[in-house]
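Just need the whole structure built from these sequences, with the hints factored in.
Number of protein chains: 2
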Amino acid sequence: MSNHNILIIDDEPQIRKLLEITLETNDYSVIQAETGKMGISLAANYNPDLILLDIELPDKNGQQILTELRQWYNKAIIMLSVLSNEEEIVKALDNGATDYLSKPFRTAELLARIRNAIKRNDLPNTNSILIFNDISIDLVARIVKRNDEILKLTTTEYNVLVLLAKNEGRVLTQQFILKEVWGVGSQTEAQYLRVFVGTLRKKIEENPAKPTHIITENGIGYRFH
Amino acid sequence: MSNHNILIIDDEPQIRKLLEITLETNDYSVIQAETGKMGISLAANYNPDLILLDIELPDKNGQQILTELRQWYNKAIIMLSVLSNEEEIVKALDNGATDYLSKPFRTAELLARIRNAIKRNDLPNTNSILIFNDISIDLVARIVKRNDEILKLTTTEYNVLVLLAKNEGRVLTQQFILKEVWGVGSQTEAQYLRVFVGTLRKKIEENPAKPTHIITENGIGYRFH
DNA sequence: ATTAGTCTTTACAAAATCTTTATACACTTC
DNA sequence: GAAGTGTATAAAGATTTTGTAAAGACTAAT
Chain A
0 MSNHNILIID DEPQIRKLLE ITLETNDYSV IQAETGKMGI SLAANYNPDL ILLDIELPDK
60 NGQQILTELR QWYNKAIIML SVLSNEEEIV KALDNGATDY LSKPFRTAEL LARIRNAIKR
120 NDLPNTNSIL IFNDISIDLV ARIVKRNDEI LKLTTTEYNV LVLLAKNEGR VLTQQFILKE
180 VWGVGSQTEA QYLRVFVGTL RKKIEENPAK PTHIITENGI GYRFH
Chain B
0 MSNHNILIID DEPQIRKLLE ITLETNDYSV IQAETGKMGI SLAANYNPDL ILLDIELPDK
60 NGQQILTELR QWYNKAIIML SVLSNEEEIV KALDNGATDY LSKPFRTAEL LARIRNAIKR
120 NDLPNTNSIL IFNDISIDLV ARIVKRNDEI LKLTTTEYNV LVLLAKNEGR VLTQQFILKE
180 VWGVGSQTEA QYLRVFVGTL RKKIEENPAK PTHIITENGI GYRFH
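Residue numbers (numbering that gives the first Met the number 0), protein chains in the order written: chain A, 0 to 224; chain B, 0 to 224.
Worth flagging that the hints you see were computed from the coordinates, not collected in a lab.
Take the hints with a grain of salt, since some may be wrong.
Remember, identical chains collapse to one label, so a pair may be satisfied in a single copy or spanning two.
Calculated pairs, SDA-like style, for lysine to any residue (alpha carbon to alpha carbon, straight line, at most 20 Å) [said to hold, decoys possible]:
#1 K118 / E179
#2 K144 / I213
#3 K201 / R15
#4 K59 / A164
#5 K151 / T172
#6 K90 / L100
#7 K118 / K144
#8 K144 / D26
#9 K74 / N120
#10 K118 / K165
#11 K74 / A140
#12 K102 / D137
#13 K165 / T24
#14 K144 / T66
#15 K165 / A140
#16 K209 / G168
#17 K202 / T215
#18 K144 / H224
#19 K118 / G95
#20 K102 / E86
#21 K202 / D137
#22 K201 / E19
#23 K16 / E204
#24 K144 / N166
#25 K74 / A43
#26 K151 / S135
#27 K165 / E108
#28 K178 / V139
#29 K102 / S83
Structure representation (structure tokens):
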């Protein structure tokens, strides 16, 4: 019936086995990852309809994995944890988790919450690679290419570029970009942004003096195309 | 800041009071209903952004209310209950509840789950685009097009155009436009406005000498069509 | 401690926009 | 049709905003 695809990211084999059996008897197809790193890689390759993400992982904290996934993955993510710590729950939900379930969970509730979460997936398409003519941005690998040539961008340059690219066609005000990239404290430092737009243009534009990707909207901000 | 509207449906006054205080200190505006029937009526009249629905109600069962609301109400509904009964949870979620929380709930978690639920409402809240024959104005993206070609407008030009377009068909006096765009200090500087109407017409009119969009109302001001 | 890489800050040049002035045109009123 | 009032257009400074280079500050790794 459903044939939805679920990715389990959990380091405990017995939990994975339990989930696998439960989900497969309910017509989900299941893929599994033992570590966060492996989970991100599988998510990028298989684009599952839902991810069950354990908070306690051997390599990275589950919250970190959640944040990384949410850079590009916008389908459902349900967090699982033995921690019923309120702070963790709030953090997970604010970081973009669809739901949060404490272990040991009850099977029927888990299944109901999975159904509920998948139901809301019919939203915008998720894509881990953004392409604009000669520029491509791989959000998973954090690699930006121009005509198949890998560009070397600093962290800040990359953050500015991704923010603009994700809002293709929309004018973003300088204040908004500053707030998103530098934080609320730096909204008046418009000069930072000018410098970084300058270096970005040198790297991604054919002719930096006549930009075709990062367009200046005088008096307001910038627009990506 | 948020100013989202939340409807509480619960028969216990002390719970309502507690929720009211919690929500209002977090910048939500709150309306309350004691019974399911009253809740449905308030939901219809106020179209709140989220409904907190208790499962135990004097007149009808909360599950029933949920089903009735879901016939037409498609924003978030969070169920509250002292029953941590798995069957109830599964039923509620399958009946269309956005989330289910057992009482006594923890405040921070409740607030996080409310934020999470409201966030999903806001997604399809995208474009408001004004269209007038060959001219379209996307207020969110801040982009003006003429026959699918993006026009480059300065800040002031854009402000004047949007003000006129939002009041399509209505005559706006020069003083009013000056006040709105330049501020109260410049209401006598009618010449500014003439210059900007001139440049705007050059950009948006087929024949700027015979304008069809920005019409002069002699002695009064301008009208957009 | 040194170095390489990056970010912040300063200074100035370049571009775009706004304001102001000048003048021409259009419309009403007598 | 002439005078007077209001409107349109062009073009000149004046001002603001943006772009670029480069020096100084910071950070992390060796």
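Here's how the hints hold up against the structure:
1. K118 / E179: Between. Shortest inter-copy distance 18 Å satisfies the 20 Å Cα cut-off; intra-copy 30 Å does not.
2. K144 / I213: Cα proximity of K144 and I213: in one copy and across copies (16 Å, 18 Å).
3. K201 / R15: For K201 and R15, the Cα distance exceeds 20 Å both inside one copy (48 Å) and across copies (59 Å).
4. K59 / A164: Neither, since 28 Å and 50 Å both go past 20 Å.
5. K151 / T172: between (26 Å within a copy, 16 Å between copies)
6. K90 / L100: Close inside one copy (13 Å) and across copies (17 Å); limit 20 Å.
7. K118 / K144: For K118 and K144, neither the intra-copy (30 Å) nor the inter-copy (33 Å) Cα distance is at most 20 Å.
8. K144 / D26: Close neither inside one copy (37 Å) nor across copies (44 Å); limit 20 Å.
9. K74 / N120: both (6 Å within a copy, 15 Å between copies)
10. K118 / K165: between (24 Å within a copy, 18 Å between copies)
11. K74 / A140: Classified as within; 19 Å inside a copy, 24 Å across copies.
12. K102 / D137: The answer is neither: 34 Å in one copy and 44 Å across copies each exceed 20 Å.
13. K165 / T24: neither (35 Å within a copy, 34 Å between copies)
14. K144 / T66: Neither: 23 Å inside a chain and 37 Å across chains, both beyond 20 Å.
15. K165 / A140: both (16 Å within a copy, 13 Å between copies)
16. K209 / G168: within (17 Å within a copy, 32 Å between copies)
17. K202 / T215: both (16 Å within a copy, 18 Å between copies)
18. K144 / H224: Result: close both inside a copy and across copies, 16 Å intra and 15 Å inter.
19. K118 / G95: both (17 Å within a copy, 10 Å between copies)
20. K102 / E86: The answer is both: 16 Å in one copy and 18 Å across copies each meet 20 Å.
21. K202 / D137: within (16 Å within a copy, 30 Å between copies)
22. K201 / E19: neither (50 Å within a copy, 54 Å between copies)
23. K16 / E204: This pair counts as neither: shortest intra-copy Cα distance 50 Å, inter-copy 58 Å.
24. K144 / N166: both (18 Å within a copy, 18 Å between copies)
25. K74 / A43: within (12 Å within a copy, 30 Å between copies)
26. K151 / S135: within (13 Å within a copy, 26 Å between copies)
27. K165 / E108: neither (35 Å within a copy, 30 Å between copies)
28. K178 / V139: between (23 Å within a copy, 18 Å between copies)
29. K102 / S83: both (8 Å within a copy, 15 Å between copies)
Checked against the numbered hints given earlier, the structure breaks hints 3, 4, 7, 8, 12, 13, 14, 22, 23 and 27 and satisfies all the rest.
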